Amino acid sequence: MKMKSILAGATLALLMSTAAHAGDVRIMWYSDGVEGEVMKDLVGRFMKENPGINVILDNVSYGVVREQLPVQLEAGNGPDIARVAQIKDNARHWLDLRPLVKDPKYWDDNFGAQADWMRPDGSKQISGFMTQITLTGGFANKTLFDQAGVEIPGPKATWEEWAAAAKKVKESQQVPFAMAIDRSGHRITAPLLSYGANYIGKDGKPAPLDKGAKDFLTKFVGWNQDGSFSKDVWVSAAGNTYRAAAEDFINGQLPFYYSGSWQVANLATKIGTNFDWVATGSPCGPVTCTGMPGGAALVAIKYTKNPKEVAQFMDWFAREEIVKEFSERTLFLPGHKAVVAKGGLDFKTDNALAKAALTKFVDASKTTSETALKLPAWRWSDTFYAAIVTRVGQTIAGELKIDDTFARIDADIAQKVKDAGQ
Amino acid sequence: MSTTTNTSRLGSLLMAPVHLLMRIIDVPLRSLQKATGISGMAAFFLAPNMLIFGIFVLLPLVINFVYSMTGGTAFFLAERNFVGAEQYSRLFTCGSYLDPMSCQEDAFWTAVGNTFWFVILQVTLMILVALVTALILNRDLAARSFWRAVFFFPVLLSPVVVGLIWKWILQRQGLLNFGLYQFGVEPYTWLTDRNWTFVATIGVSLWAHMGFYALILLAGLQAIPKDLYEAAEMDGTKPARVFWRITLPLLMPNLLVVVVLALIRAVQIFDEVYVLTGGGPGTSTFYLTQYIYETGFASALRNPGLAAAASILMGLVLVVLTLIQLGIGQRGEKKGKR
Chain A
1 MKMKSILAGA TLALLMSTAA HAGDVRIMWY SDGVEGEVMK DLVGRFMKEN PGINVILDNV
61 SYGVVREQLP VQLEAGNGPD IARVAQIKDN ARHWLDLRPL VKDPKYWDDN FGAQADWMRP
121 DGSKQISGFM TQITLTGGFA NKTLFDQAGV EIPGPKATWE EWAAAAKKVK ESQQVPFAMA
181 IDRSGHRITA PLLSYGANYI GKDGKPAPLD KGAKDFLTKF VGWNQDGSFS KDVWVSAAGN
241 TYRAAAEDFI NGQLPFYYSG SWQVANLATK IGTNFDWVAT GSPCGPVTCT GMPGGAALVA
301 IKYTKNPKEV AQFMDWFARE EIVKEFSERT LFLPGHKAVV AKGGLDFKTD NALAKAALTK
361 FVDASKTTSE TALKLPAWRW SDTFYAAIVT RVGQTIAGEL KIDDTFARID ADIAQKVKDA
421 GQ
Chain B
1 MSTTTNTSRL GSLLMAPVHL LMRIIDVPLR SLQKATGISG MAAFFLAPNM LIFGIFVLLP
61 LVINFVYSMT GGTAFFLAER NFVGAEQYSR LFTCGSYLDP MSCQEDAFWT AVGNTFWFVI
121 LQVTLMILVA LVTALILNRD LAARSFWRAV FFFPVLLSPV VVGLIWKWIL QRQGLLNFGL
181 YQFGVEPYTW LTDRNWTFVA TIGVSLWAHM GFYALILLAG LQAIPKDLYE AAEMDGTKPA
241 RVFWRITLPL LMPNLLVVVV LALIRAVQIF DEVYVLTGGG PGTSTFYLTQ YIYETGFASA
301 LRNPGLAAAA SILMGLVLVV LTLIQLGIGQ RGEKKGKR
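Note that the protein sequences, when read in sequence, are chains A and B.
Here the working numbering is used: the first residue of the first sequence is 1, the next is one more, and so on.
Here the working numbering is used: the first residue of the second sequence is 1, the next is one more, and so on.
Be aware that one or more of the hints could be misleading.
In silico EDC-like cross-links for lysine to aspartate or glutamate, where the CA-CA straight-line distance does not exceed 20 Å [claimed, not checked]: (1) Lys105/A / Glu320/A; (2) Lys124/A / Asp96/A; (3) Lys302/A / Asp116/A; (4) Lys418/A / Glu86/B; (5) Lys342/A / Glu325/A; (6) Lys231/A / Asp193/B; (7) Lys219/A / Asp403/A; (8) Lys167/B / Glu247/A; (9) Lys342/A / Asp109/A; (10) Lys167/B / Asp248/A; (11) Lys305/A / Asp96/A; (12) Lys401/A / Asp99/B; (13) Lys418/A / Asp99/B; (14) Lys374/A / Asp116/A; (15) Lys205/A / Glu247/A; (16) Lys40/A / Asp315/A; (17) Lys324/A / Asp346/A; (18) Lys231/A / Glu186/B; (19) Lys48/A / Asp24/A; (20) Lys401/A / Asp193/B; (21) Lys305/A / Asp58/A; (22) Lys374/A / Asp210/A; (23) Lys418/A / Asp106/B; (24) Lys401/A / Asp106/B; (25) Lys337/A / Glu160/A; (26) Lys202/A / Asp121/A; (27) Lys302/A / Glu79/B; (28) Lys202/A / Asp410/A; (29) Lys40/A / Glu325/A; (30) Lys342/A / Glu328/A; (31) Lys302/A / Asp315/A; (32) Lys401/A / Asp96/A; (33) Lys214/A / Asp404/A.
Which residues of chain A face chain B? A partial, calculated answer using Cβ under 8 Å [said to hold, decoys possible]: (34) Glu67; (35) Asp232; (36) Ser236; (37) Thr383; (38) Tyr385; (39) Ala386; (40) Ala397.
Derived by calculation from the structure, the hints in this document are not laboratory data.
Since this is a predicted model, take the numbers as computed values, not measurements.
Glycine included, C-beta positions come from ideal geometry on N, C-alpha and C.
Bound conformation, chain A alone (with noise of 0.2 Å):
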């Protein structure tokens, strides 16, 4: 009898344990800068409107979603859910929503214009939706320049007028370095629009580096040369290592760095009251002034176990109010469109410097370049990215001169188009 009745016990205990694995749904998440608590927030009020779905949220570093999510993917492995920057790369792992939201029409109608940036090419799935639309962007020292007296630079000033301004405070506040780009593809690459650059051939496939490309590259690597840019930021890593430079900014030690809208949160946050910051949009080229469209999406793995409370974790996240709301607490620029047609967002921060850097990033966003809006949707972004900062990288540590540069990062694409079988 007493057997028995431990067996019976053990039996539904196990039982238990299961029908709790039944409604699990991991979310691999990572943070740029307070959006891991706002997110830790929302989990618990939608698990507290659903008890019957436990949501775990795993903070990891944006290195791990870049460098291990991909594998775990390949594998048929990974989380019910991700946030993810790389996301046209990994398209074909994203779980299609469509049959299981509860209505597809408000996720075209909202989320349409970034649909393709996160599904495979040709496909109408519904893979997910942006948690923020990015964009690259400056930020200058407002302090620095003032106490340098040097005037910041006006919105249609040159990067060349920008390097001569900032080169001028560097001396006078004798900082380190005058200027910092973060070590990314994705960031060069606005700058390189600006000079004219066009990465998609007319076929679809990587074009070699063009004019625009190469004036703007020979730039940047004179200006790292002769100490105008950071060179800790560039060579500080072989291959294409992703390295940010915003502790330097963060610190006071530079007068410019150019990184993007996503920073606004960490830069408020960190710099507090110890300087005046401004954003200053993107540097113009010869061609335009554009900087570069991104983001981070909220994407469904489509080796979940649990699809139905996927779909109804992200039908839930994806309301208006909640995406309203995560905007607002986050400082992000919301990828909805009904939020931002009816605007009124409240940012949520008493922080005039932040509220500013988040007007200016809207404004320039009017004039982001037809082609930057394309490369988010394009499939080989990341493979020109990487060939980019690779080459680049080790030219300005001296390994390579500008003509090799050139003709190794073009080699390097042609190589990665030829090993995908393209």
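Starting from the known structure of chain A, fit chain B onto it as the hints suggest.
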């Protein structure tokens, strides 16, 4: 008397299930021994170990080799196409092996060159420093246990922690520059200077692993009979001669172990350097394991086949080096016996 009987009964009672189990096992084992003989039984008892070794070492090795014969960016073997020796041919397509930039896979040959110099310098220095440390720690020092713990402590740290600690020390706004600044020395960008960064990777790996090798050598030193030293002292032999004629020859087996382990570890250098320098500046600290990792896992459009080919080559080099050293060791032993 009765206590002894009780204990004996309790022992028998506790051992009863063991005896029963042994009897049950005994029947099939006896039949197996009859069928296979004594040598067959050895194979039987080794089988579980060999099975684990086969699954977790040999099988991955074979799979890795198969991967190296395939192309494409997919991870699943079923989705990859057979390309024969194409990946190896790509790695070996070079104008001159001494000029990485003349090679199709210049990153591979850069990594090979860097790893070669790293191994030569790091292993040489490692053995010297570990030996000197072991000799010092073997003396009658005050607080000898404390000093042994101090030298061994870095071995307990995770390589990532080691990399981060030294990054905080060496970066532009790090501890070293802060210290130098206090003495009026201008801060220097240690981690963006090619030569300094290379030196730093050697120094950091010495700091992190030296304690382990020193411990092996220390054990060897303590196993040398004291009477040999006493006899030498009575003969008035100079300390240097004692070292060359007694200590070093008798320490040779331990030294050989240290050389083999240090060499393997140096060729595989990755984690702490990856955290400290990321392989930079440029590619000055870009070593072979990082090449394999980036090619197979971290680059845009991964190439697992090429990474597998590079890792097979690296494995072959390690096997050859180990065999050479074992050969030298065996020759030394034979000479000693003669």
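For each hint, the structure was consulted:
With a C-alpha separation of about 14 Å, the suggested pairing of Lys105/A with Glu320/A holds against the 20 Å cut-off. Restraint check for Lys124/A and Asp96/A: satisfied, since their Cα atoms lie roughly 9 Å apart, inside the 20 Å limit. Only pairs whose Cα atoms come within 20 Å are accepted, and Lys302/A paired with Asp116/A is accepted, the gap being roughly 17 Å. Proximity of Lys418/A to Glu86/B is assessed by CA-CA distance (about 13 Å); at most 20 Å being required, the pair is judged to hold.
Note on Lys342/A and Glu325/A: the hinted pairing holds, with a Cα-Cα distance of about 14 Å set against a maximum of 20 Å. Straight-line distance between C-alpha atoms of Lys231/A and Asp193/B comes to about 10 Å, which keeps the hinted pair within the 20 Å bound. The hinted pair formed by Lys219/A and Asp403/A meets the criterion: a straight-line CA distance of about 13 Å does not exceed 20 Å. Using a Cα cut-off of 20 Å, the hinted pair Lys167/B and Glu247/A holds, with the two alpha carbons roughly 14 Å apart.
Annotation: proposed proximity of Lys342/A to Asp109/A holds, straight-line Cα distance about 14 Å (limit 20 Å). Distance check on the hinted pair: Lys167/B and Asp248/A sit about 15 Å apart at the alpha-carbon level, within 20 Å; holds. Taking the CA atoms of Lys305/A and Asp96/A, the gap is near 14 Å; set against the 20 Å cutoff, the hint holds. The straight-line distance between the Cα atoms of Lys401/A and Asp99/B is roughly 15 Å, inside the 20 Å bound, and the hint therefore holds.
The hinted pair formed by Lys418/A and Asp99/B fails the criterion: a straight-line CA distance of about 25 Å is larger than 20 Å. Pair hint Lys374/A plus Asp116/A holds up; C-alpha atoms about 10 Å apart against a cutoff of 20 Å. Proximity of Lys205/A to Glu247/A is assessed by CA-CA distance (about 36 Å); at most 20 Å being required, the pair is judged violated. Taking the CA atoms of Lys40/A and Asp315/A, the gap is near 17 Å; set against the 20 Å cutoff, the hint holds.
As the CA atoms of Lys324/A and Asp346/A are separated by approximately 9 Å, the hinted pair is consistent with the 20 Å bound. With a C-alpha separation of about 18 Å, the suggested pairing of Lys231/A with Glu186/B holds against the 20 Å cut-off. For the hint pairing Lys48/A with Asp24/A, the CA-to-CA distance comes to about 14 Å; that is within 20 Å, so the pair holds. This hinted pair checks out: Lys401/A and Asp193/B have alpha carbons roughly 18 Å apart, not beyond 20 Å.
At roughly 17 Å between alpha-carbon atoms, Lys305/A and Asp58/A fall within 20 Å of each other, so this suggested pair holds. A threshold of 20 Å between alpha carbons decides the hint, and for Lys374/A with Asp210/A the separation of about 17 Å falls inside it, so the pair holds. Distance restraint check for Lys418/A and Asp106/B: the Cα-Cα separation of roughly 17 Å lies within the 20 Å cut-off, and the hinted pair is therefore satisfied. Taking the CA atoms of Lys401/A and Asp106/B, the gap is near 15 Å; set against the 20 Å cutoff, the hint holds.
For the hint pairing Lys337/A with Glu160/A, the CA-to-CA distance comes to about 36 Å; that exceeds 20 Å, so the pair is violated. As the CA atoms of Lys202/A and Asp121/A are separated by approximately 17 Å, the hinted pair is consistent with the 20 Å bound. Taken as a hint, the Lys302/A and Glu79/B pair is honoured in the structure, with Cα atoms around 18 Å apart against an allowance of 20 Å. A distance of roughly 16 Å separates the Cα atoms of Lys202/A and Asp410/A; the hinted pair therefore holds under the 20 Å criterion.
Using a Cα cut-off of 20 Å, the hinted pair Lys40/A and Glu325/A holds, with the two alpha carbons roughly 13 Å apart. At roughly 14 Å between alpha-carbon atoms, Lys342/A and Glu328/A fall within 20 Å of each other, so this suggested pair holds. Taking the CA atoms of Lys302/A and Asp315/A, the gap is about 16 Å. The hint holds against a cut of 20 Å. The straight-line distance between the Cα atoms of Lys401/A and Asp96/A is roughly 46 Å, outside the 20 Å bound, and the hint therefore fails.
About 12 Å separates the Cα atoms of Lys214/A and Asp404/A, which keeps this hinted pair within 20 Å; it holds. Residue-level restraint check for Glu67/A holds (minimum Cβ-Cβ distance to chain B is 5 Å; threshold 8 Å). Evaluation of the Asp232/A hint against chain B yields a held restraint, the C-beta minimum of about 6 Å falling below 8 Å. Taking 8 Å as the C-beta contact cut-off toward chain B, the hint placing Ser236/A at the interface holds, the least distance being around 5 Å.
The interface hint given for Thr383/A holds, since its Cβ lies 5 Å from the closest Cβ of chain B, which is under the 8 Å cut-off. Restraint check, Tyr385/A versus chain B: the minimum CB separation of about 7 Å is within 8 Å; hint holds. With 8 Å as the threshold, the beta carbon of Ala386/A comes within range of chain B, its nearest partner Cβ sitting at about 4 Å, so the hint holds. A distance limit of 8 Å between C-beta atoms decides the matter here; for Ala397/A the minimum to chain B is near 3 Å, and the interface restraint holds.
Hints 13, 15, 25 and 32 from the list above are not met by this structure, while the remaining hints are.
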